[in-house]
Amino acid sequence: MSSHNESIIREPLITGNNITYAQITEDILRPVEKLPGRAWWIGFSVASMGATLWLFAVSYTFWYGIGSWGLNKTVGWAWDITGFVWWVGIGHAGTLISAILLLFRQKWRNSINRSAEAMTIFAVICAASYIVAHMGRPWMAVYSLPLPNQYGSLWVNFNSPLIWDVFAISTYFTVSLVFWYTGLLPDIATIRDRATGLRRKIYSFMSFGWTGSVKTWQRFETVSLILAGISTPLVLSVHSIVSMDFATSLEPGWHTTIFPPYFVAGAIFSGFAMVQTLLLIARKVLGLENYITMFHIEAMNKIIILTGSIVMVAYCTEFFIAYYSQVEYEQYAFINRYFGPYWWASWSMFCCNCIIPQVLWFKKVRTSIAATWFLSIIINIGMWFERFVIIVTSLHRDFLPSSWAMFYPTWIDVSVFVGSIGVFFTLFLLFLRVLPSIAIAEVKLLLKGSSEQEKKKILQSGHIDATQGAFYKDALTKFDAIDIAEYEKV
Amino acid sequence: MDSNKKYWKGLEELNKTPEFVEKNKHEFAEPIPVEEVLEGGSLFGKTPRRDFLKALGFGVGAVTLAACQKVPVHKSIPYLIKPEEVTPGVANYYSSSFDGHAILVKTREGRPIKVEGNPNDLLSKGGLGAQAQSSVLDLYDSNRLQNPKQDGAEVDWDSIDSFIKGELSAIKAGGKKIAIVTSTINSPSTLSVIADFIAAYPTAKHVTYDAVSYTGIIQANQNSFGKAVLPHYNFDNADVIVSFGADFLGTWISPTEFIGQYVKNRNNKSLQSKKMSRHIQFESGMSNTGSNADVRIPIKPSEEGIALINLYNAISGTTLPGSKKLDNLPAENAIAVAAAELKAAKGKALVVAGSNDVAVQTLVNSINSLLGSYGSTIDLDNASNQFAGNDAEFVALVSDMNNGAVDAVFFLDANPAYDYHNPNAIKAALKKVRLRVSFARNVEETAALCNIVAPNHYYLESWGDSNALAGYYTVVQPTINPVYNTRQAETSLLAWSNGTFKEYYAYVRDNWDKKLLALGGLTGLKGWETLLQTGYVKVADKTATAYTTNHDLTAAAQTILAHSAELAGGKVELQLYQSIALRDGKRANNPWLQELPDPVSKVTWENFAALSPVYAKSLGLEQGDVIKITANGYSIALPVLLQPGQAQGTISVAVGYGRTLAGPVGEGKGENAFPFNTFRNGAFIGTAVATIDKTGDQSELAQTQTHHSYEGRNSIIRETTFTEYKKNPYAASGHFDEHKTYSMWDEYDHPTFNWVMAIDLNACTGCGACVVACSAENNVPVVGKDEVRRRREMHWIRIDRYYSFNKGGDLITKESEISQLSDANMDNVSVVYQPMLCQHCDHAPCETVCPVLATVHSSEGLNHMAYNRCIGTRYCANNCPYKVRRFNWFNYWNDARFDNYLQGEHTQLVLNPDVVTRFRGVMEKCSMCIQRIQAGKLKAKMEKRSVKDGDIKVACQQTCPANAIVFGNVNDPNSEVAKALKSERTYYVLEELNTQPGVGYQVKVRNRTELEA
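Residue numbers (my numbering), protein chains in the order written: chain A, 1 to 490; chain B, 10001 to 11013.
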């Protein structure tokens, strides 16, 4: 990879001076090999309290019944499916980064794919927990699997989008897990090689006997590519199928053909927001500024503004189609959505997802860590509201006005959701402690071609076009980890 | 066959080699290493792989066998010798009667589980109201007394008897009065028992005290015609009905009967012969009857009397002294219209008033006399015995008690400590009475003040009879052995009066043998047995004669005007009414009734202060604000309900709530409004001048419907006027715009049966009997006030009620437009009721989305629900456009938080064993009473015939007093349902979704001219 020089006008993907392969290993494995710091412990305590809350709230639900949630005969889904779709959506960024960006040879993904994939897996775990938790009889969840049984030919209902969901989510989880773990193998082997005692045994087992031979690497590359190929359709299919839970129904406000692409865009939108939320903190706390650079942050912000705008167009399209269709129920559903009793939810959604993210058109905002983090939170909130609005405002006033009702969450509803965030962060923080949060092997690939120090050498060699050099230097100004003063003399 | 062929399995056997012989000595070819295993050393020795597997296999097998312990056996049918008449699994039906209605009581394995109308019942022709439907539950009320009580301690009957007899003889010697206070009794045998008692104790007097009485009508008939009777009204003979506050379809005298009569002139049959009665209602609060009226005019209680005077003037052409115009212009106009229509329909007109004021009723009598109603729509010759309360007598008794003139008082089905207008007076008066005996079944408010409580049998445990209408005698027979150590009140009275009869059964037999059987042409034991099967005897009606009256109305008019002036003098006029569910509150401990939504307000579990939205706004009140209502020196705090159609400046409050000693279900639900009654002109009057104050508190009403207009969605509700209908019967049902439909799905075959339903919106009065009947039939759980507030009531059938407002002939149904209406238009409310239940769609949206095929379509057109398969994703309920699916949020049948309702010690005995109760986490919904369909098919099969139309009746259809629901097989073109669905008025709700519902609705028709509409 490093046999030729990369164009100088491309921004560096690794910053910092004196970065060596060893240095990369050291930097990335520091959280894994050293005792955790105070920040980690605080985070972990809070997260595990959240996880405990989740455990309690879910147990309470299982013990007493779904009635402990605020649902009623009109609104049969609310925070549960909102949470489910929200988590599934968040997962999508990880898959997009790991699979699609790999196929498109976007090398910048190498620094963020590991964490993003971990996020995907944990998010899907949270989503799957909602699938089981929202069932009236979760102990009968096995009925949703097409297993041979003694009831003659009693099969699942292949017409039901919920069954498609079961397939979609289980496939998604399996493929994501395999892809993620395969990518981890050389890095686990690295940990193994540096570890001693029991740690060495454990990592040795987990590394599946990675030898680092040329053949191993070749197979590794092939498998990664194949898995990327398998994962790629999932980015589009999983959330399309989730959207069909709604789109194939009769409910006004759900029965919409725009849902699959709109949901996929929304999923990527929210997923990248979540990646930002996590990595902006992780890079600071774990000292990974040289690997997750401002270039990454800005690139993700660009995806966010793109997908966010798609979502906005979708909102407007829905509204227009409701008017254009002349279906009174559809029209009422959309007017009620924005001007009915849940107007505040819909306008929160619209502001958080459509209006506020428009500031990302400004480079200053895109390259501001504080602003990005703030926006990522806003988008996460907005996307939660989007699902809440779609589910609750459609259900609470559908065809027969006699059945119109309001939904009020109970403290159990809130606890299950807040708790699921706790579960997510508990898993994520544990992940940071035991596995490398950045793909070491993949980042090393970038060192010879795309790192700041290499480019600096080229710049110093003087064999480049002056305007290109100036352009490059100009681009560097946004990097928070680069001391631009160093470039004044070159 | 002899054969010496020998078969060998191998050469070794043929040759009998020594190894073979050695091996064959043992059962197993290889020795089992039992010893080796059992030896201690083997535990530490190396076990061969095979032995390990054997040991494992044996171990697992043994553990499995050991685990297969027998499940404890519950002997649910403990008959050693089967009683001849009881076959497990087969229901027995017994004729009996409830409130004078002939009924059939369904019993299973010896326990009554359902009350059904006797199809030959004179009053309601097989229909039954919610009260009767729910009555079966009270039998198992665990709050009932299990033993008689003396001064709060449980005693046996002998000591009660000796104590009371001793007391009575002492009292007899003392010569002071004895009073038997009962609510109306129309049982000939009971009346005879009381007469015997009075004969034994000559100072005794029978005082009839009804919580809600009709003294006014009875007295007025005495004034006008010299006949102190409650007449029998024939609404079916009336072409024009004008009602002043009489809720005759809901609570007035005999509503279940009146619904049938009323609907006769408004149902499909009547409409097809281009005939429809006209009904104008003047009233303050929106009653069930008012909500069904063609024209409804809100008037204040103070305006009612004046309106009647003006109607009289308009019809008679005279002017009563003191007459004045009403300030209420719409009412004044409506009176002119009503007068003209009544006159035009002379002989086929009827005016009724709900007031208990003798003066008002005397005036109404004169109006009806002018209209020639007597002998046609009102029958004084075959009077009703349903109410005979004499308010003045009871008031006199209370003052006698206070004066110490009464030494003994007996209360039978009377609870004045709760429902008397001055409960404190009763409490004070009872302290001065030496012997106080209550026959109450539980320690209620009055029984708590008595020294003896001699608990009566429930009617399902009793012998008896009743005589609701002149010439109509029904029998009451027990359907179960007494559940507790109770004794029938009549038996007690017989015992205490030292009569010849010890058992009331013998007394009833004797009474019927001597007097009543002969009336039905029956004699002796055979006749009695026939009676027990038919349930009633009917003497041919006397010919109703046309009474007229020339009673001078000057005095009546003065009384009315004086009362009106008094009412109008205050700020707010208060009107009391009975709620459809609880009526006078005697059954307040019945959870089915408490959870039955009020037809109009859709409120459950409590009473409320109904105010018109316009008036409430002027007072700065919103729904749910708790206000303090004060009148006649009594005050209660109730939440506000915004009731469109409520007259401005008035407030309506239901009586029957606020019981303090009713049992865990009824206590503390709402507030007692009876003390607002006043005693005027010899009768209790339910109107008063009130003041209201905000308390600042908020209390959310438990309403089952919170959006009240149908938003112009005429694929849900279709209505028309009678004029339009006559022009084009198809106009409103939308049959003219038939269009081609396309379907994604394969059509289902319904080779034999296709069970469907037709519901006539013009017949349905919204009474809610079907809701209770369905709950009883299908073991639908009661969920309580909090769960209803969370919108989780479980009723499989509900009655949607929509308001619309008339604005210059336009029907305003959209919320956004309603909020723009002027105050005057807000008074102009129309109501439509729509029973809503699972539509059993042929293209059911619920079926396609269920992930586990728990809800599927049957070959008989039904949408099935397999509870055992359901995992509770609730997707089906979300996707149901009719929102008729009900989810078991909690384990309502076995969760301590709901144990007040149907989990009592004996309450679960009321469950229908043909229907399972549902566990938490599963969906349920109307099954079209599939157990009844199955039973009907099996019965036909055993009788080797095919199912006939009418063999199978679903519970809601069976109880509907209006016959608004028709169920049957549409594959049979001659079935009633097939004919009903062919009506020009038939439409399907949300037809355009192409869900192909199995329930067809028939357009609501209002008999209104275009101008009024």
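Since the hints were made in silico from the structure, they are not lab data.
Errors might be hidden in some of the hints.
Said to hold, decoys possible - One side only, chain A facing chain B, incomplete, derived with CB under 7 Å: (1) N72; (2) I125; (3) A128; (4) V132; (5) M140; (6) Y143; (7) L145; (8) L147; (9) N157; (10) A247; (11) H255; (12) I258; (13) K473.
Said to hold, decoys possible - Computed from the model, here is a short list of chain A residues facing chain B with C-beta under 8 Å: (14) Q23; (15) I163; (16) D398; (17) S403; (18) A405; (19) P409; (20) L430; (21) V434.
What the hints assert, rightly or not - Between beta-carbon pairs, the in silico distance windows are: (22) B/V10856 - A/L145: 51 to 61 Å; (23) A/I281 - B/V10063: 50 to 60 Å; (24) B/V10856 - A/F56: 55 to 65 Å; (25) B/P10913 - A/F56: 52 to 62 Å; (26) A/I281 - B/A10866: 25 to 35 Å; (27) B/N10024 - A/L145: 50 to 60 Å; (28) A/N149 - B/L10080: 36 to 46 Å.
Glycine is no exception: its CB is placed at the ideal position from the N, C-alpha and C atoms.
*asked:* Let's test the interface hint: is any C-beta of chain B closer than 7 Å to that of A/N72?
replied: At about 4 Å, which falls below the 7 Å cut-off, the nearest Cβ of chain B leaves the hint on A/N72 intact, so it holds.
*Against chain B, run the beta carbon of A/Q23 and see if the smallest gap drops under 8 Å.*
violated, 52 Å
*Okay, A/I281 versus B/A10866 on CB: inside 25 to 35 Å?*
Once the Cβ atoms are compared, 50 Å apart, the range 25 to 35 Å for B/A10866 and A/I281 is violated.
*Is the hinted range of 51 to 61 Å satisfied by the C-beta distance from B/V10856 to A/L145?*
violated, 19 Å
*Holds or violated: A/V132 as interface residue toward chain B, Cβ cutoff 7 Å?*
violated, 10 Å
*With chain B as the partner, please determine if A/D398 meets the hint condition of a C-beta pair closer than 8 Å.*
holds, 7 Å
_Given A/I258 as an interface hint, is its Cβ closer than 7 Å to any Cβ of chain B?_
With a closest approach of 19 Å, the A/I258 hint is violated.
*Does A/A128 pass the interface hint, meaning its C-beta sits closer than 7 Å to a C-beta of chain B?*
violated, 14 Å
*Restraint check, 7 Å cut-off on beta carbons, for A/H255 near chain B*: With a minimum Cβ separation of about 10 Å from chain B (threshold 7 Å), the hint on A/H255 is violated.
*Does the hinted range 55 to 65 Å hold for B/V10856 and A/F56 at CB?*
For B/V10856 and A/F56 the Cβ distance comes to about 37 Å; the hint is violated.
*Whether the CB-CB distance between A/N149 and B/L10080 falls inside 36 to 46 Å*: holds, 41 Å
_Interface restraint verdict for A/P409 against chain B (beta-carbon cut-off 8 Å)_ = With a closest approach of 12 Å, the A/P409 hint is violated.
Violated hints for the displayed structure, listed by number in ascending order: 2, 3, 4, 7, 8, 10, 11, 12, 13, 14, 19, 20, 21, 22, 24, 25 and 26.
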